[in-house]
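J.: Residue-level listing of the chains:
There are 2 protein chains.
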Amino acid sequence: MGTSTAVSGDQNQTSASAPHRSEALSPSSPCVVFPDDAPLRLESGQHLAPLSIAYETYGTLNAAKSNAILVCHALTGDQYAASNHPVTGKPGWWDALIGPGKPVDTDRFFIICPNILGGCMGSTGPVSLNPKTGKPYGLDFPVITIGDMVDAQVRLIDHLGIDQLFSVIGGSMGGMQVLEWAARQKKRVATAIPIATAPWHSAQNIAFHEVGRQAVMADPDWRGGNYHDAGIVPKNGLAVARMAAHITYLSEKALQGKFGRNLQDRAARSFSFDADFKIESYLRHQGSTFVDRFDANSYLYITRAMDYFDLETAHGGKLANAFVGTTTQFCVVSFTSDWLYPTRDSKAIVHALNAVAANVSFVEIESDKGHDAFLLDEPEFHATVRGFLGAAATKRGLA
Amino acid sequence: MGTSTAVSGDQNQTSASAPHRSEALSPSSPCVVFPDDAPLRLESGQHLAPLSIAYETYGTLNAAKSNAILVCHALTGDQYAASNHPVTGKPGWWDALIGPGKPVDTDRFFIICPNILGGCMGSTGPVSLNPKTGKPYGLDFPVITIGDMVDAQVRLIDHLGIDQLFSVIGGSMGGMQVLEWAARQKKRVATAIPIATAPWHSAQNIAFHEVGRQAVMADPDWRGGNYHDAGIVPKNGLAVARMAAHITYLSEKALQGKFGRNLQDRAARSFSFDADFKIESYLRHQGSTFVDRFDANSYLYITRAMDYFDLETAHGGKLANAFVGTTTQFCVVSFTSDWLYPTRDSKAIVHALNAVAANVSFVEIESDKGHDAFLLDEPEFHATVRGFLGAAATKRGLA
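Line by line, the protein sequences give chains A and B. Numbering follows numbering that gives the first Met the number 0, in which position 123 of the first sequence is assigned residue number 122; successive positions increment by one, without gaps. Numbering follows numbering that gives the first Met the number 0, in which position 228 of the second sequence is assigned residue number 227; successive positions increment by one, without gaps.
All the given hints hold, so there is nothing to weed out.
One side of the interface only, derived from the structure: several residues of chain A facing chain B at Cβ under 7 angstroms:
#	residue
1	Ser201
2	Gln203
3	Ile205
4	Ala217
5	Asn235
6	Glu251
7	Leu254
8	Phe258
9	Gly259
10	Phe270
11	Ile278
12	Leu282
13	Tyr307
Ranges of calculated distance between the beta carbons of each label pair, as one might list FRET restraints:
#	chain 1	residue 1	chain 2	residue 2	range
14	A	Asp273	B	Asp367	34 to 40 angstroms
15	A	Asn225	B	Ala229	25 to 31 angstroms
16	A	Asp273	B	Asn225	16 to 22 angstroms
17	A	Ser287	B	Asn261	35 to 41 angstroms
18	B	Asp367	A	Ala354	23 to 29 angstroms
According to the in silico footprint, chain B covers these stretches of chain A (three or more CB under 8 angstroms from chain B):
#	segment
19	210–216
20	236–243
Keep in mind the hints are simulated off the structure, nothing from the lab. The model shown is predicted, which means the values in this text are computed figures rather than measured ones. Quick reminder that beta carbons are idealized off the backbone N, C-alpha and C, glycines included.
All chains should be modelled from the sequences, with the hints used to inform the complete structure.
T.: As structure tokens, this is what we get:
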């Protein structure tokens, strides 16, 4: 096995084709590179090398290395959970949750947030250069799974010399990684908080992802995945994919309350195809800003990994088998208005954990904000995370 | 006012750009043309002439012309409610409901089903030739409303010499037309059955339509709406729009029950972007077959009309005002698992009708088939329609 090397990225192969491209090849954050002689074996049977994992940390690792929390991000998230995004300049996506004195307290814990395998902010993904060709992988990148993402994160945790994570936390696809960590690395996960997630991807979830992928692939600028060569990005297709996905992130009630049938900057219908309604304007904005910070091929690969996620089938058709022998303490969180990963999905996780007599608490948060609630300032949710981590830390003798 | 002329379509301007194009310009069904000197005044203030309304009929109009039922179709429907589709060859979309001895009994009633204004099966729409240019309207076609569709249908009913319709029936957007008929033509509608519909389009409904429109407009083959000139159609964009919409037509439970995570013609995941899952294969099929029978610009105009539909705002902010003075007998039908137009939307209609002491019955059908239930063989739904029409006909002395 080779020696991993910490780099800060100086590959120089940046391109003007998209603002995020330079971050993919040369991230602003720390990045560890595992060399060619230590390939990552993927679920598909393929091997990937070299492997880069870009990550951010917040807080300080204690001498016993016992206060580390791994934060796993969702589909379009990245390592900048609690720091400004290098492309958009916006605060971290979990800035409300992570920081000094916040529910995930950086005065107490050492938080590690890696960009996932397949991502586009510095970890190896389809934008990365294929060592065989010197060009971006594109569709030559192997199809990956949530388990592969976790195996790549294990490399990072090994590199940081951490034996056991005090906690693994994540929402949505981040929650799927939490479940895979708990299933694959039973001794290395003291506590786990899977939030607004599911043990498998439903037909409806797959359907929405397939619409998004077809939208990207229908864009002639996608060019079979080789758009980087041409210095372009399939922005129209990716924007449509983002718009469709965004509908699933909000509850019907939240959409109605936030936008209703209100018109955008006009007193009456225009009798045209302008964005007459606020909801149209909002979606168009979501679509158009997304393409500046995200890679279209990464979107294809990550949605595919989510569709492939089925912890039950992977464990002989019995979800509880995934957790046999677990000593992890779980806190499962769902939101009442989340129709992407509804409470019944979280309950399936809880039932499986109960079946193996795991230590599990379950909290369903009353919220009308839909799936996105896990990213927002939901006091009851924050109190739940703060309380669970605080009690578990005290129990484990953490300062 | 000019004289309407019945034609069977011989304009000869057909094109190979899409199989449905010839039907748009020269429909297989009867078609009535209202000439230039009888323009239709639209809600936008614009005027449309000439106006063609293509329609099918089933059964026989009695001597008193008192047994006529107008059937209003939904977004992607057409006049072929109970006869084979001239492009696809498939049975009519409401073949289960309309026919001899069926709930809408052609032995007893005379059924009229017009293609809507803005449609692409022979009624005037964006595929029609603009008399000013001799070319298809494209985006020069005026933006229309559900009310405009109804006003165009009124012309047809006048042409057929029918004073009062025994019933106006429709599901989804067809139900919106039913409501507009009841509001605009109070004396001409004896009974009305709005099914799986709403008195206004919600933010979530608008959002899904906007995604579809952006998918169409993002397709370079759309060419600003002038694709017919180039002999092409924006099939990729329209297919994506159809796929996204199709998800909303089925309930989550129906998708899970019908497809679940089942694989399509394979034993294991392919680790590729093939249609591994049955749900992916199904959606791709829905998208690719749709483009052969539907016009992309019609899709834009009709979804826009639906988004603009808000019977409450149109009546001074009070829905009940739409029905003041009504003598129509209503039967409002919803389906439990319909999340596109959920039961609460139907209840809003019922409450408004109650507020003006209208004669209304309301039936919520238990079904796990989602919005599409109104097109399917749902015994309780069919029994409801049969019972309501039968009792009303007997009451009115129809044979």
